[in-house]
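Enquirer: Given the sequences, and given the hints that come with them, work out the whole structure.
Chains C and S, in that order, are what the protein sequence lines are. In terms of our numbering, the numbers along the first sequence are unbroken and rise by one, the last being 388. In terms of our numbering, the numbers along the second sequence are unbroken and rise by one, the last being 388.
Check before you lean on any hint, since a few could be wrong.
The calculated SDA-like cross-link candidates involving lysine to any residue, where the alpha carbons are at most 25 Å apart (straight line), are [what the hints assert, rightly or not]:
#1 Lys-18/S with Ser-323/C
#2 Lys-344/C with Asp-327/S
#3 Lys-344/C with Leu-119/S
#4 Lys-325/C with Leu-38/S
#5 Lys-122/S with Arg-179/S
#6 Lys-18/C with Gly-343/S
#7 Lys-205/C with Gln-329/S
#8 Lys-205/C with Asp-327/S
#9 Lys-18/S with Asp-345/C
#10 Lys-205/C with Ile-60/C
#11 Lys-344/C with Glu-364/C
#12 Lys-205/S with Leu-334/C
#13 Lys-18/C with Leu-69/C
#14 Lys-344/C with His-219/C
#15 Lys-18/S with Gln-268/C
#16 Lys-351/C with Lys-18/S
#17 Lys-344/C with Lys-93/S
#18 Lys-18/C with Lys-122/S
#19 Lys-351/S with Gln-164/S
#20 Lys-348/S with Ile-78/C
#21 Lys-205/S with Asp-327/S
#22 Lys-129/C with Ser-52/C
#23 Lys-18/S with Arg-347/C
#24 Lys-18/S with Ile-60/C
#25 Lys-325/S with His-383/C
#26 Lys-205/C with Lys-129/C
#27 Lys-122/C with Lys-240/C
#28 Lys-363/S with Lys-344/S
#29 Lys-351/C with Met-17/S
#30 Lys-325/C with Lys-344/S
#31 Lys-344/S with Asn-254/C
#32 Lys-18/S with Pro-126/C
Sample of chain S residues at the chain C side, in silico, Cβ under 10 Å [what the hints assert, rightly or not]:
#33 Met-30
#34 Leu-38
#35 Lys-129
#36 Leu-132
#37 Leu-136
#38 Cys-292
#39 Pro-306
#40 Gly-330
Note that these hints are calculated values from the structure, not bench results. Just so it is clear, CB atoms sit at the ideal spot from N, CA and C, and this is done for glycine as well.
2 protein chains.
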Amino acid sequence: MKIGVLGAGQLGRMLALAGLPLEMQFSFYDTSGAPSVGIGNVFIDQGGTGKDLDSFLADVDIVTSEFEHIPLDLARKIESRKMLLPSSESTRVCQNRGEEKRLFTKLGIPTPKYHLVDSLAAFESAVEQLGCPVVAKTVTDGYDGKGQAVIRDPADVASAWNRIGNTQLIVEKFVNFSRELSIIAVRSKSGQLAFYPLTENTHHEGILRYSVAPAPRISPELDKQAQCYIGELLEALNHVGILTLELFETEQGLLANEMAPRVHNSGHWSIEGANCSQFENHLRAIADLPLGDCQAQQPTCMINIISEKGDIQGLLRLPYAHIHLYGKDERKGRKLGHVTVQADSYKELTWRIRNVAAHLPGSPEYHPTENR
Amino acid sequence: MKIGVLGAGQLGRMLALAGLPLEMQFSFYDTSGAPSVGIGNVFIDQGGTGKDLDSFLADVDIVTSEFEHIPLDLARKIESRKMLLPSSESTRVCQNRGEEKRLFTKLGIPTPKYHLVDSLAAFESAVEQLGCPVVAKTVTDGYDGKGQAVIRDPADVASAWNRIGNTQLIVEKFVNFSRELSIIAVRSKSGQLAFYPLTENTHHEGILRYSVAPAPRISPELDKQAQCYIGELLEALNHVGILTLELFETEQGLLANEMAPRVHNSGHWSIEGANCSQFENHLRAIADLPLGDCQAQQPTCMINIISEKGDIQGLLRLPYAHIHLYGKDERKGRKLGHVTVQADSYKELTWRIRNVAAHLPGSPEYHPTENR
Numbered sequence: 017m018k019i020g021v022l023g024a025g026q027l028g029r030m031l032a033l034a035g036l037p038l039e040m041q042f043s044f045y046d047t048s049g050a051p052s053v054g055i056g057n058v059f060i061d062q063g064g065t066g067k068d069l070d071s072f073l074a075d076v077d078i079v080t081s082e083f084e085h086i087p088l089d090l091a092r093k094i095e096s097r098k099m100l101l102p103s104s105e106s107t108r109v110c111q112n113r114g115e116e117k118r119l120f121t122k123l124g125i126p127t128p129k130y131h132l133v134d135s136l137a138a139f140e141s142a143v144e145q146l147g148c149p150v151v152a153k154t155v156t157d158g159y160d161g162k163g164q165a166v167i168r169d170p171a172d173v174a175s176a177w178n179r180i181g182n183t184q185l186i187v188e189k190f191v192n193f194s195r196e197l198s199i200i201a202v203r204s205k206s207g208q209l210a211f212y213p214l215t216e217n218t219h220h221e222g223i224l225r226y227s228v229a230p231a232p233r234i235s236p237e238l239d240k241q242a243q244c245y246i247g248e249l250l251e252a253l254n255h256v257g258i259l260t261l262e263l264f265e266t267e268q269g270l271l272a273n274e275m276a277p278r279v280h281n282s283g284h285w286s287i288e289g290a291n292c293s294q295f296e297n298h299l300r301a302i303a304d305l306p307l308g309d310c311q312a313q314q315p316t317c318m319i320n321i322i323s324e325k326g327d328i329q330g331l332l333r334l335p336y337a338h339i340h341l342y343g344k345d346e347r348k349g350r351k352l353g354h355v356t357v358q359a360d361s362y363k364e365l366t367w368r369i370r371n372v373a374a375h376l377p378g379s380p381e382y383h384p385t386e387n388r
Numbered sequence: 017m018k019i020g021v022l023g024a025g026q027l028g029r030m031l032a033l034a035g036l037p038l039e040m041q042f043s044f045y046d047t048s049g050a051p052s053v054g055i056g057n058v059f060i061d062q063g064g065t066g067k068d069l070d071s072f073l074a075d076v077d078i079v080t081s082e083f084e085h086i087p088l089d090l091a092r093k094i095e096s097r098k099m100l101l102p103s104s105e106s107t108r109v110c111q112n113r114g115e116e117k118r119l120f121t122k123l124g125i126p127t128p129k130y131h132l133v134d135s136l137a138a139f140e141s142a143v144e145q146l147g148c149p150v151v152a153k154t155v156t157d158g159y160d161g162k163g164q165a166v167i168r169d170p171a172d173v174a175s176a177w178n179r180i181g182n183t184q185l186i187v188e189k190f191v192n193f194s195r196e197l198s199i200i201a202v203r204s205k206s207g208q209l210a211f212y213p214l215t216e217n218t219h220h221e222g223i224l225r226y227s228v229a230p231a232p233r234i235s236p237e238l239d240k241q242a243q244c245y246i247g248e249l250l251e252a253l254n255h256v257g258i259l260t261l262e263l264f265e266t267e268q269g270l271l272a273n274e275m276a277p278r279v280h281n282s283g284h285w286s287i288e289g290a291n292c293s294q295f296e297n298h299l300r301a302i303a304d305l306p307l308g309d310c311q312a313q314q315p316t317c318m319i320n321i322i323s324e325k326g327d328i329q330g331l332l333r334l335p336y337a338h339i340h341l342y343g344k345d346e347r348k349g350r351k352l353g354h355v356t357v358q359a360d361s362y363k364e365l366t367w368r369i370r371n372v373a374a375h376l377p378g379s380p381e382y383h384p385t386e387n388r
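Expert: Here is the structure:
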């Protein structure tokens with residue numbers, strides 16, 4: 017089976033590394049002009065003439081995506097010619113924070129209080145009703161802290177509007193959360209479902225730094241609750257493939273933050289940590305193969321390599337470190353790779369995480385959540 | 017770093033899958049005309065004009081090999097232009113069973129009793145001195161049971177000579193072994209050594225079927241003994257990369273059977289079963305990076321998929337099965353892929369192996385050695 021991937025970055029690369037042992041072949045369609053995938057056929061669309069798109073589509077049996085910011089008309093055009101999984105409908109909802117939140121609300125999935133605004137006046141009124149602090153985000157684009165503002169004083173609304181002002185913003189009540197969690201689930205073409213355990217995510221400067229799976233101190237009820245939420249989303253979207261739901265853990269329970277219709281950075285731990293990684297399960301799902309086992313075998317942590325590659329030789333000397341580099345040049349804030357570590361206990365895991373982080377300049381200190 | 021691999025089969029493919037996350041790039045040089053690697057640049061030498069060899073060598077920083085049957089003059093030609101690791105000296109010794117056994121003997125590594133013969137008369141005399149049964153093998157070529165004969169009656173010597181007769185044969189006293197073991201070790205360019213645990217191998221119709229690591233019921237002394245033997249071989253050959261030594265376990269202790277200067281089928285378990293697989297360690301060794309951890313995390317078994325792919329859907333349904341297919345068409349006796357399973361105990365491992373084998377037609381029944 018020939019898989020076409022929209023995008024040609026590290027997620028596409030990890031998909032290919034997971035799919036080659038299942039005798040899948042890979043082609044990538046890149047519009048950024050800077051593919052780092054380093055594997056398979058890469059079609060670079062220069063100027064969007066569509067010629068490269070034709071060659072790409074002629075080369076593949078089925079199309080999937082490594083990112084959700086595909087122009088919708090492109091997704092629909094592809095869909096008219098080849099099977100696109102997940103479909104353009106998943107893309108449409110997930111690439112718009114407004115649509116996303118509306119779906120959460122419709123399905124009864126709790127979220128932080130929010131208003132959708134499309135003018136300065138509406139923005140001001142939303143801030144007044146919600147009460148500061150609030151987080152304002154563009155409904156489209158923006159990730160890893162870009163295109164958003166935290167408003168602590170109503171007087172700052174106008175400057176935030178001028179800075180990130182868009183046709184539409186989502187304004188959310190600032191949530192007092194104890195930690196950020198995510199759940200990754202997968203649904204196959206014939207409707208089989210499988211769930212990875214809740215993962216605990218630590219961000220720094222708006223970028224994911226650490227993901228620990230299974231998240232420690234999760235009751236079976238909470239895990240079940242998260243599965244229930246993402247299960248409803250998968251069905252409502254008729255989604256095929258991996259779906260990721262980011263959640264806040266609060267005193268009022270789980271609140272849905274956002275979702276991504278794709279393999280996710282907070283699931284990279286599964287390459288070593290689960291019997292079947294998110295990458296392999298995404299491919300099994302779209303190829304309509306039986307889904308693989310999602311359980312974490314033992315406490316596992318994924319540590320992102322951001323901005324600089326750091327002391328790779330030192331990392332290679334750590335017997336428990338699995339190093340994944342993405343073939344990208346160093347640049348501030350860029351995800352260049354990740355390291356996975358596992359341990360028998362969370363205590364030992366913490367030491368191992370710190371030993372890895374010591375070789376990565378700029379990594380924030382790691383503190384297990386109970387000690388924060 | 018750009019790695020050039022001589023050969024373009026499944027071993028090259030698994031090398032590339034291990035090396036891409038370390039930002040290595042891969043090119044393959046194939047003379048068989050049937051590359052199955054499905055990854056990297058493949059240079060197919062049509063008629064051995066050398067043109068393709070030039071392009072291949074221009075494309076890479078360092079050259080390694082996935083098989084030991086490279087013509088020696090080709091290995092030396094490559095070596096005069098690029099770093100070849102392991103070197104042509106390792107190749108020269110390992111591709112000749114006579115040279116190999118002489119080195120074992122020189123280093124004091126016990127072997128079955130053997131004679132090297134190059135005529136029917138010498139063959140007859142060897143059989144007389146060793147006493148039947150003996151195994152006769154061509155000193156070059158031949159693997160997985162090809163190019164060899166078991167002689168149970170001196171009257172059969174002439175017909176065996178006619179069938180497998182070569183310029184030189186090695187005639188070995190048939191060994192009464194309790195099981196076949198192998199040890200895989202790795203030596204880096206700067207001389208660092210690391211050892212995988214002894215692995216128990218089960219053959220059927222001359223082809224490896226099951227490898228269990230660590231081999232059960234191995235005393236620390238026996239493991240040490242095997243490490244000592246392979247360590248001496250690595251040093252004597254000034255070998256860089258993975259080396260595999262096949263051994264017989266007998267009442268007189270370990271006897272060396274043969275060695276291979278490359279990643280080996282009996283080490284495929286290490287992809288899931290060790291922190292650092294044989295493929296990654298081979299690449300670390302030739303790139304002179306620190307070597308990775310070789311320990312088996314828990315009892316692990318590699319089951320070969322031979323001749324037919326079998327019920328892949330059924331295998332995908334087993335939550336503990338890791339499936340590796342090589343992108344090759346079915347053919348009698350051909351290695352088409354392998355499945356890895358792990359378990360907390362050898363008892364549970366046996367059940368899992370049998371569940372896997374049930375989906376692979378033609379697989380011999382698996383019996384743990386203590387029950388044979």
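Enquirer: If a hint holds in the structure, say so; if it does not, say that too.
Expert: Structure-based check of all given hints:
no., hint, in the structure
1, Lys-18/S with Ser-323/C, "holds, 24 Å"
2, Lys-344/C with Asp-327/S, "violated, 39 Å"
3, Lys-344/C with Leu-119/S, "violated, 46 Å"
4, Lys-325/C with Leu-38/S, "holds, 12 Å"
5, Lys-122/S with Arg-179/S, "violated, 31 Å"
6, Lys-18/C with Gly-343/S, "holds, 13 Å"
7, Lys-205/C with Gln-329/S, "holds, 15 Å"
8, Lys-205/C with Asp-327/S, "holds, 20 Å"
9, Lys-18/S with Asp-345/C, "holds, 17 Å"
10, Lys-205/C with Ile-60/C, "violated, 29 Å"
11, Lys-344/C with Glu-364/C, "violated, 31 Å"
12, Lys-205/S with Leu-334/C, "holds, 19 Å"
13, Lys-18/C with Leu-69/C, "holds, 15 Å"
14, Lys-344/C with His-219/C, "holds, 21 Å"
15, Lys-18/S with Gln-268/C, "violated, 54 Å"
16, Lys-351/C with Lys-18/S, "holds, 23 Å"
17, Lys-344/C with Lys-93/S, "violated, 34 Å"
18, Lys-18/C with Lys-122/S, "violated, 53 Å"
19, Lys-351/S with Gln-164/S, "holds, 20 Å"
20, Lys-348/S with Ile-78/C, "violated, 32 Å"
21, Lys-205/S with Asp-327/S, "violated, 43 Å"
22, Lys-129/C with Ser-52/C, "violated, 39 Å"
23, Lys-18/S with Arg-347/C, "holds, 23 Å"
24, Lys-18/S with Ile-60/C, "holds, 23 Å"
25, Lys-325/S with His-383/C, "violated, 48 Å"
26, Lys-205/C with Lys-129/C, "violated, 34 Å"
27, Lys-122/C with Lys-240/C, "holds, 20 Å"
28, Lys-363/S with Lys-344/S, "violated, 33 Å"
29, Lys-351/C with Met-17/S, "holds, 21 Å"
30, Lys-325/C with Lys-344/S, "violated, 37 Å"
31, Lys-344/S with Asn-254/C, "violated, 35 Å"
32, Lys-18/S with Pro-126/C, "violated, 51 Å"
33, Met-30, "holds, 8 Å"
34, Leu-38, "holds, 6 Å"
35, Lys-129, "violated, 41 Å"
36, Leu-132, "violated, 41 Å"
37, Leu-136, "violated, 47 Å"
38, Cys-292, "holds, 8 Å"
39, Pro-306, "holds, 4 Å"
40, Gly-330, "holds, 9 Å"
Hint compliance for this structure: hints 2, 3, 5, 10, 11, 15, 17, 18, 20, 21, 22, 25, 26, 28, 30, 31, 32, 35, 36, 37 are broken, all remaining hints hold.
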